[in-house]
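2 protein chains.
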Amino acid sequence: MPAASDLNVTTLAGGVGAARFLRGLARVIDPARLCVIVNTGDDEEFFGLHVSPDLDTITYTLAGAIDQSKGWGLPEETFRCLEALDRYYPETWFGLGDRDLATHLFRTHLLRQGQSLSKVTAAIARAWGVTATVLPMSDDPVRTVVHTEMGALPFQQYFVKGRGEGQVSKVELCGIATASAASGVCEAIRSADLVILPPSNPIVSIGPILALPGVRQALRQTAAPVVAVSPLVAGKPVKGPADRLLSGLGIEVSVTGVAGLYQDFLDALVIDTQDENQCTRLEQLGLTVIATDTIMNDMEKSVALAQVIMQHKHLKR
Amino acid sequence: MPAASDLNVTTLAGGVGAARFLRGLARVIDPARLCVIVNTGDDEEFFGLHVSPDLDTITYTLAGAIDQSKGWGLPEETFRCLEALDRYYPETWFGLGDRDLATHLFRTHLLRQGQSLSKVTAAIARAWGVTATVLPMSDDPVRTVVHTEMGALPFQQYFVKGRGEGQVSKVELCGIATASAASGVCEAIRSADLVILPPSNPIVSIGPILALPGVRQALRQTAAPVVAVSPLVAGKPVKGPADRLLSGLGIEVSVTGVAGLYQDFLDALVIDTQDENQCTRLEQLGLTVIATDTIMNDMEKSVALAQVIMQHKHLKR
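From first to last, the protein sequence lines stand for chains A and B.
The first sequence lines up with residues 1 to 317 when you count with the numbering used here.
The second sequence lines up with residues 1001 to 1317 when you count with the numbering used here.
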């Protein structure tokens, strides 16, 4: 086996939970050998700007620039422009900080000039000195829409404005029928030495990536072990509405319920020790189970979790 | 004669100098009867945003929101976004404040949706509670390019980055051949009871407006008196490079030189008492000359100057 620092690791990521994991992983492996495929179903246009919340959370985190307390955005932000936008727009509920705005301006500018989201994302990562490869899942627009009793809500309306409340009846991925995975996405899965799904919402963070043509197949066919970290701890999400999304779609709200969504390609599942009661059921699905402390409330715990996974890097079933 | 408050007044305006005058005029007449036709030759795209410096200076001023000390932009500005843009762009010399950015975002957003600059300008004025009509000179792009020994410089590069330095050899209005005056521009000149050219740079502020098809003709044909305020005081510009622009183009740097540029349509010229030595020459051009204090370093002086002009509103030659 090569040393951990020689491995090419590909990860599928949503926002905050994934970022918490990746900050640790990037200290355990050579970040230049890390590829992060990021959900863009949460992307939204605000005030004419193309905002990619998950991409920015991942990039800022890998740059060591993220606001640690919130888990997203830049530290010591001000919201002077957003406050001023209130004069022009009826709604200004999405928290665009003044420093963060520069990223959205740059992204929007290059996209309007005809550059792909992949190219723009690479340029942003370069500007922040990020050596990992950050790939949007697709260069085509895919927009997650959550149906609740309040109607069909674009993801940010559901998640930020509506605080993830309401009874979920359906999750729609608008544009998925005509979207392709971005160039490099399937290749990064196939050529990896290890594929990791950090703790991200399985429905609205990982789900859109898996829905792209070729991605599930690449995960099934890759020679690399595929390891997921459960986003549920003690049967509940650490943060966010994963429980409401899962139950709304008729999926058991448990690590076993999550594992079922990945069953066709998953080799091992990392669960929190609080969920060890699920071990037998998970093993019956043919999975290797790794039980450890998965709550990453500081960098040390993120590093420790990454180390546990890298110790199990040979777990191909 | 109708009372001053019943008069429809149309003005042709550049940026700071014109704004200083208009803040006073809007107190002397009913602002709802004021129409300001604004130069857009200074417009520029920065970071993918459509910036209209003169339009914003006029609108912010009429809203009572301008930064009084600078004469442009909003007071108590911060530049956090601009500082952050430094990571993405090689040049960030144009001072876009965080609050001011909201205006550029809104303008750019609506323009990209296909709205005309006139409509967007009206929406911005409405958002600021401005009852005067603020009209861009054209909905078509006209870009002022100043040729100096440093080459052909787009106006903001010449004026802001280059501080108006260099020997001017030519001023080019790119796009003028295919541009039309915005809807309402010529009508506002023809239907006015009084037309005023506040103290604005005759070459790069008033020049582009006059170069639009139909504008000079409307000024010649209107039944309204046309009164200009000299931007030169004691033979020198109060601010900016008007002297270098005039001399570079072979025009005498004096109130008489300026008057010559407007000779075909002007009825009266307001000059500073410091330029009274030019009275005879100006009268030889057939102009009525009004000599008064034209330096508007506070609101009272702006109001006083507006009052002087409104007292001479019958000066059709």
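Derived from the structure by calculation, the hints contain no laboratory data.
Because the structure is a prediction, the values reported are computed rather than measured.
It is possible that part of the hints are untrue.
Think about it this way: if two alpha-carbon atoms lie no more than 25 Å apart in a straight line, the pair counts; the simulated SDA-like pairs of lysine to any residue are [as the list claims (entries may be wrong)]:
no., chain 1, residue 1, chain 2, residue 2
1, B, 1119, A, 50
2, B, 1070, A, 50
3, B, 1236, B, 1223
Covered stretches of chain B, as calculated for chain A (at least 3 residues, CB under 8 Å) [what the hints assert, rightly or not]:
no., stretch
4, 1099 to 1108
5, 1207 to 1217
Glycine included, C-beta positions come from ideal geometry on N, C-alpha and C.
Review point. Out of the numbered hints, which ones does the structure contradict?
Key: 2, 3, 5
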